[in-house]
Amino acid sequence: MNEISEHDIIVVGGGAAGLRAAIAAVQADPRLDVAIVSKVYPMRSHTVSAEGGAAAVIKPNDSLDEHINDTISGSDWLADQDVVEAFVREAPHELIQLEHWGCPWSREPDGSIAVRPFGGMKIERTWFAADKVGFHLLHTLFQTSLKFETIKRYDEWYGTKLLVENGRCQGIVAIELRSGQVRLLAANAVILCTGGAGRIYPFTTNGAIKTGDGMAMAYRAGVPLKDMEFVQYHPTGLPGTGILITEAARGEGGILVNKDGYRYLQDYGLGPPEPWPRLRAMELGPRDKLSQAFVHETRKGRTFAGPYGDYVHLDVRHLGEEKINTKIPFVRELAHRYAGIDPVHEPIPVRPVVHYMMGGVHTDVSGATPLPGLYAAGEAACVSINGANRLGSNSLTECLVFGARAGRHAAALAAQHPPRDRAALAAQARDEASRIAATFIRKDTGAERVAALRAEMTRAMEEGTGIYRDEASLRKTCDVLRELRDRFPSIRLDDRSLSFNTELIAALELDFMLDVAEAVAHSALARTESRGSHQRTDHPRRDDTRFLKHTLAYRTDAAPRIDYLDVVITRWPPAERVYGR
Amino acid sequence: MPDPTITLEIFRYHPEQNETPSFRRYEIPYREDWVVLDAINYIKDHIDGTLAYRWSCRMGVCGSCGMMINGTPRLSCAAFLREYYPNPVRVEPLANFPVERDLVIALDDFMHKLREVNPWLIRAHEQPLSDGEYRQTPDEVAAYKQYSMCINCMLCYAACPVYALEPRFLGPAAIALAQRYNLDSRDQGRSQREAVLSSEDGIWDCTLVGECTVACPEHVDPAGAIQRAKLASTIDWYKRVLMPWGGR
Numbered sequence: 040m041n042e043i044s045e046h047d048i049i050v051v052g053g054g055a056a057g058l059r060a061a062i063a064a065v066q067a068d069p070r071l072d073v074a075i076v077s078k079v080y081p082m083r084s085h086t087v088s089a090e091g092g093a094a095a096v097i098k099p100n101d102s103l104d105e106h107i108n109d110t111i112s113g114s115d116w117l118a119d120q121d122v123v124e125a126f127v128r129e130a131p132h133e134l135i136q137l138e139h140w141g142c143p144w145s146r147e148p149d150g151s152i153a154v155r156p157f158g159g160m161k162i163e164r165t166w167f168a169a170d171k172v173g174f175h176l177l178h179t180l181f182q183t184s185l186k187f188e189t190i191k192r193y194d195e196w197y198g199t200k201l202l203v204e205n206g207r208c209q210g211i212v213a214i215e216l217r218s219g220q221v222r223l224l225a226a227n228a229v230i231l232c233t234g235g236a237g238r239i240y241p242f243t244t245n246g247a248i249k250t251g252d253g254m255a256m257a258y259r260a261g262v263p264l265k266d267m268e269f270v271q272y273h274p275t276g277l278p279g280t281g282i283l284i285t286e287a288a289r290g291e292g293g294i295l296v297n298k299d300g301y302r303y304l305q306d307y308g309l310g311p312p313e314p315w316p317r318l319r320a321m322e323l324g325p326r327d328k329l330s331q332a333f334v335h336e337t338r339k340g341r342t343f344a345g346p347y348g349d350y351v352h353l354d355v356r357h358l359g360e361e362k363i364n365t366k367i368p369f370v371r372e373l374a375h376r377y378a379g380i381d382p383v384h385e386p387i388p389v390r391p392v393v394h395y396m397m398g399g400v401h402t403d404v405s406g407a408t409p410l411p412g413l414y415a416a417g418e419a420a421c422v423s424i425n426g427a428n429r430l431g432s433n434s435l436t437e438c439l440v441f442g443a444r445a446g447r448h449a450a451a452l453a454a455q456h457p458p459r460d461r462a463a464l465a466a467q468a469r470d471e472a473s474r475i476a477a478t479f480i481r482k483d484t485g486a487e488r489v490a491a492l493r494a495e496m497t498r499a500m501e502e503g504t505g506i507y508r509d510e511a512s513l514r515k516t517c518d519v520l521r522e523l524r525d526r527f528p529s530i531r532l533d534d535r536s537l538s539f540n541t542e543l544i545a546a547l548e549l550d551f552m553l554d555v556a557e558a559v560a561h562s563a564l565a566r567t568e569s570r571g572s573h574q575r576t577d578h579p580r581r582d583d584t585r586f587l588k589h590t591l592a593y594r595t596d597a598a599p600r601i602d603y604l605d606v607v608i609t610r611w612p613p614a615e616r617v618y619g620r
Numbered sequence: 014m015p016d017p018t019i020t021l022e023i024f025r026y027h028p029e030q031n032e033t034p035s036f037r038r039y040e041i042p043y044r045e046d047w048v049v050l051d052a053i054n055y056i057k058d059h060i061d062g063t064l065a066y067r068w069s070c071r072m073g074v075c076g077s078c079g080m081m082i083n084g085t086p087r088l089s090c091a092a093f094l095r096e097y098y099p100n101p102v103r104v105e106p107l108a109n110f111p112v113e114r115d116l117v118i119a120l121d122d123f124m125h126k127l128r129e130v131n132p133w134l135i136r137a138h139e140q141p142l143s144d145g146e147y148r149q150t151p152d153e154v155a156a157y158k159q160y161s162m163c164i165n166c167m168l169c170y171a172a173c174p175v176y177a178l179e180p181r182f183l184g185p186a187a188i189a190l191a192q193r194y195n196l197d198s199r200d201q202g203r204s205q206r207e208a209v210l211s212s213e214d215g216i217w218d219c220t221l222v223g224e225c226t227v228a229c230p231e232h233v234d235p236a237g238a239i240q241r242a243k244l245a246s247t248i249d250w251y252k253r254v255l256m257p258w259g260g261r
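Keeping their order, the protein sequence lines are chains A and B. To convert a position in the first sequence, counted from 1, into the working numbering, add 39. To convert a position in the second sequence, counted from 1, into the working numbering, add 13.
Taking lysine-lysine and the DSBU-like style, the derived pairs with C-alpha atoms no more than 35 Å apart in a straight line are:
#1 K362/A to K158/B
#2 K161/A to K98/A
#3 K158/B to K98/A
#4 K515/A to K482/A
#5 K161/A to K158/B
#6 K161/A to K362/A
#7 K339/A to K515/A
#8 K191/A to K158/B
#9 K191/A to K243/B
#10 K243/B to K186/A
#11 K252/B to K186/A
#12 K158/B to K186/A
Quick caveat, the hints were computed from the structure, so don't treat them as lab data.
All chains should be built: construct the whole structure from the sequences, respecting the hints.
Structure follows, in structure tokens:
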């Protein structure tokens with residue numbers, strides 16, 4: 040550990056938020072050098088899997104207030120309204136910026152941007168590039184980032200620890216996968232853009248890399264995780280694999296039917312079913328309500344039973360082959376390959392699947408965390424535009440708006456060149472290298488396997504912190520997670536080598552996931568109300584008197600300490616969420 | 014009847030431990046709906062934690078999990094065991110690349126070449142964002158869309174016989190990406206990409222075998238992109254040499 044790599048800013052994560060942050064930082068101040076540290080090559084980041092689109096007001100029939108209103112009611116009034124206003128205001132600028140960088144947005148015949156309807160949105164405002172929007176957005180950002188020579192990349196470096204010295208975040212420790220060496224990277228500011236943590240659940244749309252690394256690193260550095268109990272189930276994943284079938288399938292006119300061919304959503308406050316398609320109604324309701332309706336249908340025995348659990352049908356046949364090929368070709372490809380059906384001729388089997396964490400690292404509207412020098416953006420962060428339920432197509436835009444904001448604010452801080460405590464950082468990094476070696480590489484005792492503990496964790500999360508929760512199941516999940524934490528030191532790796540030790544990375548990821556899972560379960564246990572995606576069968580009503588507040592979970596050696604923070608309400612006082620009418 | 018099983022023969026190589034590669038056989042449960050990646054994950058989780066490979070999205074879009082499967086470059090998340098059962102499945106790292114370890118190849122060469130082709134939109138004059146989007150009709154989008162679908166999975170390089178012999182060859186994906194921007198009506202940077210495209214390691218190295226297009230899981234048709242680039246470059250040459258007075 041002799042070398043210290045020094046940069047002005049380190050961005051951890053190379054997805055949409057991280058790339059946007061890095062570009063914003065070097066554009067704000069070209070004298071700064073910015074490093075992107077990512078555990079995968081940036082074009083592998085999970086942004087790539089986003090399908091349906093990105094929301095921003097662009098059409099004359101739309102307005103900023105409509106987008107704000109949809110987002111706030113979608114959030115069940117848990118979003119901070121000042122932040123939502125900033126988000127909606129800056130969203131069109133960011134999507135046009137992506138257009139200027141080459142993103143192949145789908146177009147109207149006159150060459151202007153085309154938009155499509157999405158769930159919970161009263162006016163269609165979702166920009167799209169067929170149904171591989173995340174892929175195009177990510178590759179556009181990544182390729183654009185290549186032209187900035189002041190952006191340096193550390194591809195396939197895995198961050199394990201934030202370095203805090205003198206009350207400021209001054210860098211990270213990371214493992215270079217190729218060599219297996221533990222390295223110190225120092226900086227004036229660190230921006231966490233590491234994505235969500237869907238992999239704490241067994242059935243998720245999320246890729247293998249979504250293990251909450253940045254959330255856990257911040258949590259361990261004393262930064263609270265905010266609103267972690269709010270976990271979004273996307274209503275339409277393929278049974279078995281959990282592969283996402285985009286909401287755009289319904290935006291384009293697809294319907295959900297139970298085993299009797301009945302559009303069951305009309306029984307859950309989302310109807311009437313006709314006329315269709317209709318915005319903020321039926322299949323274009325918000326994701327939390329659609330996933331909850333599925334559970335009730337199952338209890339009534341009106342869903343199909345399959346080898347991978349119950350399912351319903353997503354039917355797009357009436358759209359016709361041409362529209363399916365133009366607007367949702369990836370849906371056709373995925374259904375064909377992974378479900379063995381052609382949606383032109385057959386309905387697609389779907390069920391709710393863990394998709395997105397509304398919660399994350401607590402930040403303010405600039406992406407700054409309470410720890411000086413530390414920023415966060417994208418799914419890793421909770422800047423709080425999503426509240427208790429995110430609307431589809433707000434998350435890609437969120438990565439851009441708040442990635443850029445975090446990048447600019449980090450640049451302003453970094454340009455002041457605060458002094459670095461190099462000796463102390465080096466000592467911390469040596470300790471971290473010793474910890475990793477002692478816990479995993481040089482340890483020849485213990486009998487626990489990474490995969491086995493991981494499977495027990497995901498099962499406990501599904502059983503206790505699913506679509507519906509209650510005190511007894513949550514307490515049991517909390518107990519299981521504590522027991523797994525106690526067993527974790529008994530992990531013994533098959534692989535004790537250095538180069539590309541993916542078993543070591545999996546163990547470190549599991550270590551992080553256990554922290555994130557505990558924050559989710561304990562935050563859910565403490566919130567004795569139902570709001571958005573957090574539904575307590577023992578507390579079925581929203582309770583604005585006690586819980587118009589954000590949950591803040593602080594890490595301790597025992598259970599997380601839970602605190603609360605008032606939601607910012609500006610012009611939209613809490614009201615009933617009304618859909619269908 | 015016992016539960017059916019299938020055998021995977023997996024290429025193993027660890028630079029810290031082995032001088033030469035070897036194959037290891039794993040017998041695992043056969044499931045009709047499993048892809049090769051599921052089988053490899055089963056081995057990693059239950060039998061041998063030392064196996065190294067890359068994967069993430071398991072839905073054919075992140076481009077991480079390319080491997081040689083029975084000698085053909087495939088995404089292991091899109092190759093089903095049932096295509097091979099009951100025969101064994103032989104899994105190797107992508108051909109034509111240095112191996113870091115087991116099924117993990119070194120991507121440095123491609124990452125360098127990608128940067129070489131200037132894969133970003135180049136404009137003589139940037140329109141201010143406040144003036145809105147550049148107009149582009151659906152037909153103009155269609156002109157380059159296919160070449161924008163590349164997921165950088167490297168299957169085309171593993172399939173390319175020219176790259177196998179001449180690693181300096183720019184290669185199918187990098188050329189297709191250059192064409193993706195050259196054909197974009199918003200772009201004005203073709204001349205800046207021309208030097209690298211028509212260099213001795215550029216488009217003229219391609220011998221038109223078309224294996225890249227066969228291997229491509231995203232139907233990008235890199236071979237078509239290379240042919241179009243050759244044509245455009247030739248027209249440029251004729252314009253320059255035969256019609257020096259002819260404008261640009």
